[in-house]
Amino acid sequence: MATTQIGRRSVGKALATLEALAVAPRPVSAGALARSLKLARPTVYRILSSLADHGYVTHDRQRGLYRLSFKLLDLGHQALKGTDLL
Numbered sequence: 001m002a003t004t005q006i007g008r009r010s011v012g013k014a015l016a017t018l019e020a021l022a023v024a025p026r027p028v029s030a031g032a033l034a035r036s037l038k039l040a041r042p043t044v045y046r047i048l049s050s051l052a053d054h055g056y057v058t059h060d061r062q063r064g065l066y067r068l069s070f071k072l073l074d075l076g077h078q079a080l081k082g083t084d085l086l
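Using the numbering used here, you'd call the opening residue of the sequence shown number 1 and step up by one each time.
Hints were generated in silico from the structure; no laboratory data involved. Every residue, glycine too, gets a C-beta built ideally from N, C-alpha and C. Watch out, some of these pointers could steer you wrong.
Said to hold, decoys possible - In silico BS3-like links for lysine-lysine, alpha-carbon gap of 25 angstroms or less: (1) 38 - 13; (2) 13 - 81; (3) 71 - 81.
To be verified - Now the in silico label distances, taken between C-beta atoms and shown as ranges: (4) 4 - 25: 20 to 28 angstroms; (5) 84 - 46: 36 to 44 angstroms; (6) 31 - 81: 35 to 43 angstroms; (7) 75 - 7: 19 to 27 angstroms; (8) 35 - 10: 14 to 22 angstroms.
Could you put together the complete structure from these sequences and hints?
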C-alpha cells in the first residue's frame, strides 16, 4: 500500500476520533472510543496520545478519560477571521 494512502487513512482515523469526541456528551475512555469507532484499542491510544501531545484533546489521567480541548475553538476563530460573517 502506498505511503500516501496509509497517511490518508491515519488522518481519517484521527478526524473520526475528534468527531466522536465532539458528539460525546461527556469525557470518554479510549476503550469506549475504540468500540464506537470499530478500531483497535492500541490504535485509538496512539491517536489520542498524538492529539493530546498537540493540544487537541485533554486527558484526565486519574479517570482515564479524554475530551476535546479549547485549541479546536481557537482554530475555528482563526477560520472566522478570514470571513465576512458578522
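For each hint, the structure was consulted:
For the suggested pair residue 38 and residue 13, the alpha carbons sit about 10 angstroms apart, so the restraint of at most 25 angstroms is met. With a CA separation close to 28 angstroms, the supplied pair residue 13 and residue 81 exceeds the 25 angstroms bound. Proximity of residue 71 to residue 81 is assessed by CA-CA distance (about 16 angstroms); at most 25 angstroms being required, the pair is judged to hold. Remark: the range hint 20 to 28 angstroms for residue 4 to residue 25 is contradicted by a beta-carbon distance near 36 angstroms.
Taken as a hint, the range 36 to 44 angstroms holds for the pair residue 84 and residue 46, whose Cβ atoms sit roughly 40 angstroms apart. At about 38 angstroms, the CB distance of residue 31 to residue 81 agrees with the hint of 35 to 43 angstroms. For residue 75 and residue 7, the hinted distance range of 19 to 27 angstroms is satisfied, since their beta carbons lie about 21 angstroms from each other. The beta-carbon spacing between residue 35 and residue 10, approximately 20 angstroms, falls within the hinted interval of 14 to 22 angstroms.
Consistency with the previously given hints fails for numbers 2 and 4, ordered from lowest to highest.
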